[in-house]
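Colleague: Spelled out from the first residue to the last, the chains are:
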Amino acid sequence: MIKPTKITLFGSNSILLVWDANINLAISKEIIALNRLLKTEFSKEIVATNFAYHELALYLNNETNESELISSIEKFINNLSTKIESENSTIFKIPVCYDESFGWDIDEVCKTKDLKIEKLIEIHTKPIYPVHFIGFLPGFPYLGGLDKKIATPRKSTPRQKILAGAVGIAGSQTGIYTIDSPGGWNIIGRTPLKLFDVQQENPVLLQPGNSIKFESINLATYSEITKKIEKGSYSIKKYKNND
Amino acid sequence: MIEVLKAGLNTSFQDQGRLFHRDKGVPVSGAMDLYAMKLANRLVDNNENEAVIECTLMGPELFFNEECYISITGAEFSIKLNNKLISSGARVYIPPKSTLKMGNAKNGIYGYIAIEGGYAINSVLGSFSHYPTIAPELKLTKGQKINYQTSSEKLKNYSRVAPIQQHFSSDKIDVLKGPEFSKLNVDLQKQLFNTSYTIGQTSNRMSTQLEHSKPFSASEIITCPVQPGTVQLTPDGKLMCLMRDAQTTGGYARIFQLTAHAIQVLAQKRAGEKVIFRAV
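Each protein sequence line maps, in turn, to chains A and B. Okay, so the first sequence: first residue is 49 according to the working numbering, each after it adds one. Okay, so the second sequence: first residue is 9 according to the working numbering, each after it adds one.
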């Protein structure tokens, strides 16, 4: 396994496990697995956790002695078997309409990258994007694997409001806005899917360790899917990948 | 039943927050001044973490149809019960058909109204704290009706007075070093403690701006976890402390982490007030 390079205090009442600063799928998989193991092993001490590309934060209950817990965690990690088992990842198909009415910046991105719209869509829909973690907004998936050919810097002036479902590119990242929010991403399309829904028992559609594949749909299909979702009759397409 | 006659500036239900959903990108939220919230609850014999009404600068006007006991803590508002001034920091009997006007805060920002037995409201993702896109219904709006249990024990005949809330007078914000503090050059590290900061106008439940005129700067980082109390320094010198509604991850250098106590001290500082950091 790839052990964290250090474990430190993160203010009072929380602990930070740190790996080498990198956007690296192998490290993300380690963090996803270790997060699960630590929450089970230290369920009395750990109230909640969250993680990003190369750090895992543990939020503790008030009675926990942080230094003692750090020692216990170091021992626990040292005793773990060397191979973290990676689960079969589920791949979600995310329908996206790249029509100009949804892709507010798609023309601009195409001009900047000197690509035709069809080519941009082809490049964006080709990869399987792993979900590294959820952050920034409720349910917002940080995705890896964007093709460098369409990497585009954030807009210099962010928008006051980007609508939920907007699919965007910011630097070398691509992602989907899960709720209405201000933001500086280049918006190239929109999905009718709700990635975050408080009404659902599990409010977040995508989990770290899943992957997604974008699927281009037209305006008519977008309306169809929206109606089905409102009725509760839409099933998201997904399949397993033997990685 | 309470009827909201006037909602006030930014009035919402808050408790200790959504503690278990950070890994879904859900902000913790919760009362900005947790100390005042817990005090308000203790004054009416509630569980410490019972939901309270958080008032911001300009408080609401509430009509109480039935009798009850409430308590008010936090910033000092000019509170009138049935047009008579009352003081905060004590358990107060509210007769049937009463009107409570919170008025404006004379110092500090956030005031808290706890009701004995709690408000009859629904939780969202395990918490009664308002957050715009997750639990919009937990913000108080004009005309809203809120139920509560009528107090059946009128004669709990003891006086309950809160201790003086020290954190309003202090200008010292206690901090621990953040994950990126050691990457700053030594001179900048010293300067951060030798500077007086002015609370910025745009401060809100998501973050408090700490204005200064020094040439501070820190490089961006790969997106990392952050929490309420994390102080970020941007490449162009902006210094801000993330507060209760802050997002769960961020890409700016995390140079300090406020202690739990320091968060409520900072929460009650108004725009224009000055603070300094103190290392603990």
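It should be emphasised that the hints constitute simulated quantities derived from the structure, not laboratory data. Keep in mind it's a predicted model, so treat the numbers as computed, not measured. Think of the CB as a built atom: it goes at the ideal place given N, C-alpha and C, for glycine as much as any other residue. One or more of the hints may lead you astray.
[To be verified] When the alpha-carbon atoms are kept at most 20 Å apart in a straight line, the in silico EDC-like pairs for lysine to aspartate or glutamate are as follows: (1) B/K191 to A/D162; (2) B/K185 to A/E114; (3) A/K174 to A/D147; (4) A/K203 to B/E228; (5) A/K209 to B/D253; (6) A/K197 to A/D162.
[What the hints assert, rightly or not] Now the stretches of chain B that chain A is said to cover, found in silico as 3 or more residues with beta-carbon under 8 Å: (7) 230–242; (8) 273–280.
Colleague: Confirm or reject each hint.
Modeller: Each hint tested on the structure:
no.	hint	in the structure
1	B/K191 to A/D162	violated, 40 Å
2	B/K185 to A/E114	holds, 15 Å
3	A/K174 to A/D147	holds, 18 Å
4	A/K203 to B/E228	holds, 17 Å
5	A/K209 to B/D253	holds, 18 Å
6	A/K197 to A/D162	holds, 10 Å
7	230–242	holds (count 7)
8	273–280	violated (count 0)
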